[in-house]
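Q: Chains as they are written, first to last, in this note's numbering: chain A, 1 to 310; chain B, 1 to 434.
Because the hints were derived from the structure by calculation, they are not lab data.
Since we're looking at a predicted model, the values are computed, not measured.
Quick reminder that beta carbons are idealized off the backbone N, C-alpha and C, glycines included.
Among the hints, erroneous ones may be present.
[Said to hold, decoys possible] As a list, the in silico BS3-like pairs of lysine-lysine whose alpha-carbon atoms are at most 30 Å apart: (1) 238(B) with 301(A); (2) 69(A) with 206(B); (3) 69(A) with 168(B); (4) 238(B) with 290(B); (5) 161(B) with 69(A); (6) 206(B) with 301(A).
[To be verified] Heads up, incomplete: computed chain A residues facing chain B, CB under 7 Å, no partners named: (7) 36; (8) 41; (9) 62; (10) 70; (11) 75; (12) 78; (13) 146; (14) 301; (15) 304.
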Amino acid sequence: MSDEIPVSSPAEREHGSISQELPLNGSSTLNDPSEMTYYGRRSVWQSINPGEIWRYRNLIWQFALRDLKVRYRQTVIGALWAIIQPVVTMLVFGLLFSSLDGKPTRSGVPYAITSLCGLIPWQFFGASVIAATQSISSNAQLVQKVYFPKILLPLSALLPPLVDMGIASCVLICLMFWFGVVPNLAVITMPIILLALFLTTLACSFWLSSINAIYRDVQYVVPFIISIGLLISPVTYELPAVAERMSPAIKFIYCLNPFANLLMATRWAILGTPFPDILPMLASFLLMGGIFVGGVIYFGKTERVFADRV
Amino acid sequence: MSNVALRVEGLGKKYRIGTHQPYNRLSEAMTGLGKSVISLPHKMINKSKAIPQNAAPSENEFWALKDINFEVKEGDVVGIIGRNGAGKSTLLKILSRITEPTQGRFGVRGRISSLLEVGTGFHPELTGRENIYLSGSVLGMTRAEIKSHFDEIVDFSGVEKFLDTPVKRYSSGMQVRLGFAVAAHLKSEILIIDEVLAVGDIEFQKKCMGKMSDVAHGGRTILFVSHNMAAISRLCNKAILIKEGNMVLSDTTENAIKCYLNVNEEASSNELIWDKGSNYPGNDDVQITKFGISNTGMNSNQISIDFPVQFSINYRLNHSGMCLSSGIVLSNMNGEIVLTSANRHSASIAEDKYFNIPLETGDYIATCNIPANLLNANQYYAIARIYQDITNVIAETPPISFNVTDSGSMRKEFLGEWAGIIRPRLDWETRVVC
Numbered sequence: 001m002s003d004e005i006p007v008s009s010p011a012e013r014e015h016g017s018i019s020q021e022l023p024l025n026g027s028s029t030l031n032d033p034s035e036m037t038y039y040g041r042r043s044v045w046q047s048i049n050p051g052e053i054w055r056y057r058n059l060i061w062q063f064a065l066r067d068l069k070v071r072y073r074q075t076v077i078g079a080l081w082a083i084i085q086p087v088v089t090m091l092v093f094g095l096l097f098s099s100l101d102g103k104p105t106r107s108g109v110p111y112a113i114t115s116l117c118g119l120i121p122w123q124f125f126g127a128s129v130i131a132a133t134q135s136i137s138s139n140a141q142l143v144q145k146v147y148f149p150k151i152l153l154p155l156s157a158l159l160p161p162l163v164d165m166g167i168a169s170c171v172l173i174c175l176m177f178w179f180g181v182v183p184n185l186a187v188i189t190m191p192i193i194l195l196a197l198f199l200t201t202l203a204c205s206f207w208l209s210s211i212n213a214i215y216r217d218v219q220y221v222v223p224f225i226i227s228i229g230l231l232i233s234p235v236t237y238e239l240p241a242v243a244e245r246m247s248p249a250i251k252f253i254y255c256l257n258p259f260a261n262l263l264m265a266t267r268w269a270i271l272g273t274p275f276p277d278i279l280p281m282l283a284s285f286l287l288m289g290g291i292f293v294g295g296v297i298y299f300g301k302t303e304r305v306f307a308d309r310v
Numbered sequence: 001m002s003n004v005a006l007r008v009e010g011l012g013k014k015y016r017i018g019t020h021q022p023y024n025r026l027s028e029a030m031t032g033l034g035k036s037v038i039s040l041p042h043k044m045i046n047k048s049k050a051i052p053q054n055a056a057p058s059e060n061e062f063w064a065l066k067d068i069n070f071e072v073k074e075g076d077v078v079g080i081i082g083r084n085g086a087g088k089s090t091l092l093k094i095l096s097r098i099t100e101p102t103q104g105r106f107g108v109r110g111r112i113s114s115l116l117e118v119g120t121g122f123h124p125e126l127t128g129r130e131n132i133y134l135s136g137s138v139l140g141m142t143r144a145e146i147k148s149h150f151d152e153i154v155d156f157s158g159v160e161k162f163l164d165t166p167v168k169r170y171s172s173g174m175q176v177r178l179g180f181a182v183a184a185h186l187k188s189e190i191l192i193i194d195e196v197l198a199v200g201d202i203e204f205q206k207k208c209m210g211k212m213s214d215v216a217h218g219g220r221t222i223l224f225v226s227h228n229m230a231a232i233s234r235l236c237n238k239a240i241l242i243k244e245g246n247m248v249l250s251d252t253t254e255n256a257i258k259c260y261l262n263v264n265e266e267a268s269s270n271e272l273i274w275d276k277g278s279n280y281p282g283n284d285d286v287q288i289t290k291f292g293i294s295n296t297g298m299n300s301n302q303i304s305i306d307f308p309v310q311f312s313i314n315y316r317l318n319h320s321g322m323c324l325s326s327g328i329v330l331s332n333m334n335g336e337i338v339l340t341s342a343n344r345h346s347a348s349i350a351e352d353k354y355f356n357i358p359l360e361t362g363d364y365i366a367t368c369n370i371p372a373n374l375l376n377a378n379q380y381y382a383i384a385r386i387y388q389d390i391t392n393v394i395a396e397t398p399p400i401s402f403n404v405t406d407s408g409s410m411r412k413e414f415l416g417e418w419a420g421i422i423r424p425r426l427d428w429e430t431r432v433v434c
């Protein structure tokens with residue numbers, strides 16, 4: 001039911017003179033009540049319509065609010081969970097590295113701080129992507145019963161982890177005070193780095209949520225990839241600590257991972273560690289940009305069959 | 001005033017049927033992708049010739065709706081009627097933009113909201129208050145709109161005491177009331193409503209009907225799907241009749257309901273017979289060949305109130321080993337169901353020995369008697385059904401109509417009409433107490 005049959009050939013016989021004056025098959029978003037809006041088979045840009053998403057922005061917030069409230073209702077320590085996860089992971093890796101006599105850092109910054117700089121964005125990414133992957137399938141009932149732009153679901157999946165990231169960042173700031181670590185002046189570039197983090201997360205979310213709507217295999221694979229990713233990205237260690245033993249080619253491939261660059265850039269901005277190499281960074285961001293645009297288009301194309309196939 | 005609010009042009013929706021959906025698993029998608037990569041050079045070479053991949057209508061395609069055209073004027077309340085599986089819900093899903101049409105398009109003037117279930121978007125863990133905001137937003141209300149109607153919604157639902165209790169602790173009736181209350185305050189110009197009234201207790205259903213007719217008479221455009229002809233005839237000024245995915249009629253409510261109930265008016269005999277070659281109700285395995293009403297009292301479809309009504313269902317089984325049961329559904333002129341019955345052991349007077357056992361191929365006849373002096377003097381419609389494994393309806397006949405006529409035997413003392421759907425003779429006794 002995805003291809004074939006052009007729009008409205010029988011209709012034109014019936015209402016020929018009228019329908020030719022009207023915008024064919026377009027959801028002209030005019031709210032003028034005298035104007036008739038037509039809906040037929042949707043194109044990608046009708047499925048992913050920025051104006052419409054903006055009009056539905058309240059719903060993004062409502063979905064996020066729902067997920068946040070549901071998550072911490074009937075829990076004893078509530079939002080403290082947002083802190084426990086990165087802190088415990090940091091402690092476990094810190095103990096692991098010190099018992100192995102390893103040196104996961106080169107910058108001389110306390111391990112707690114440098115690893116939290118990696119763990120907090122990483123856990124934002126992991127939690128968002130896992131939530132977004134299931135966002136369409138777990139809201140199947142809704143998708144089949146009411147219309148709204150489906151892209152709101154993966155978009156809103158980003159917000160609860162964002163709140164967690166905010167809470168965990170407070171811990172990081174407290175620790176920096178405790179250890180007397182003064183942030184670098186480059187910390188003012190953090191908004192740009194965060195934006196890159198959001199776009200990278202969304203790029204993955206769009207692909208994974210739309211594929212998972214139809215093939216549930218994805219939701220089993222994603223947590224596995226996230227846990228592997230924790231090890232192959234410089235989350236709990238600094239890249240220079242492992243780069244010494246890499247050949248230039250391997251290092252280039254390693255740095256194509258957008259998280260290698262994102263996390264290095266984060267540490268550069270906050271702690272003043274070296275900035276990532278420009279060439280692999282540009283290559284990886286170009287790649288990510290492509291995946292993002294592809295994700296939006298793929299989502300728009302598959303969105304039309306969610307209600308029938310989810 | 002008579003602006004067109006909704007115009008539907010050549011709408012059609014095709015589904016694939018059968019258990020094999022293409023690419024339901026990732027592995028299939030992968031092999032599909034592999035195949036298309038392999039055939040890519042071939043496609044490039046034959047670019048000029050269109051590859052007739054989807055040219056022939058394959059057998060597992062099914063048009064749930066085909067070439068639907070109609071217009072709805074502003075302020076009209078339009079009922080959409082048709083039997084189960086006629087395509088009503090598909091039409092509503094397309095018009096509410098949940099699913100997109102395969103063919104055609106529709107035009108809308110103003111905002112359109114749909115109400116296909118009660119309590120859309122409710123989350124059991126959230127409180128009533130939170131769910132009002134959530135459900136309202138999902139249905140397309142802005143925050144300000146919800147806020148300004150919040151008190152009305154709470155009032156209407158009657159759950160103000162439990163506003164801060166999670167909805168999971170509500171009774172199902174309370175959930176339904178709250179859900180309907182939110183939906184009833186939608187302010188869109190066009191409302192699409194599925195049979196949501198079929199829920200809740202009688203008291204609340206009445207309240208819903210009242211609210212619905214307020215909305216209906218408030219000048220808004222409404223599309224309303226229901227099996228309840230009484231509700232349709234009360235609320236709607238126009239109706240559309242859909243049969244097997246095609247629009248049969250778009251007319252006044254009265255005519256459409258008449259047409260819906262009297263599908264066989266021209267052949268108003270007391271039996272329906274299907275010959276070879278015509279369209280049997282049923283599938284390849286089981287076919288109903290005849291459905292009839294007989295009555296020892298008067299002839300044809302005029303049935304005397306003093307005699308039992310006998311239904312007979314003839315069916316043919318072409319596939320041995322199936323477990324079948326038969327049933328009837330009796331409704332009155334308003335479309336209200338008077339009774340349903342089936343030959344289940346627990347629901348019949350004597351045990352039917354052919355009920356739900358593996359049957360040999362061959363022809364069978366099932367009969368059922370409605371006792372004398374049970375139905376009122378009225379017009380009734382009956383349909384016959386064959387079920388497989390007790391609950392699956394695999395064959396259903398069109399309605400057959402009959403009149404129960406009053407012989408006067410129950411009106412010796414009183415000449416007026418007996419009110420009520422049924423008029424049984426009951427056991428009355430008066431005693432002196434002291």
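Q: If you test the structure against every hint from before, which numbers come out violated?
A: 1, 2, 4, 6, 11, 12, 14
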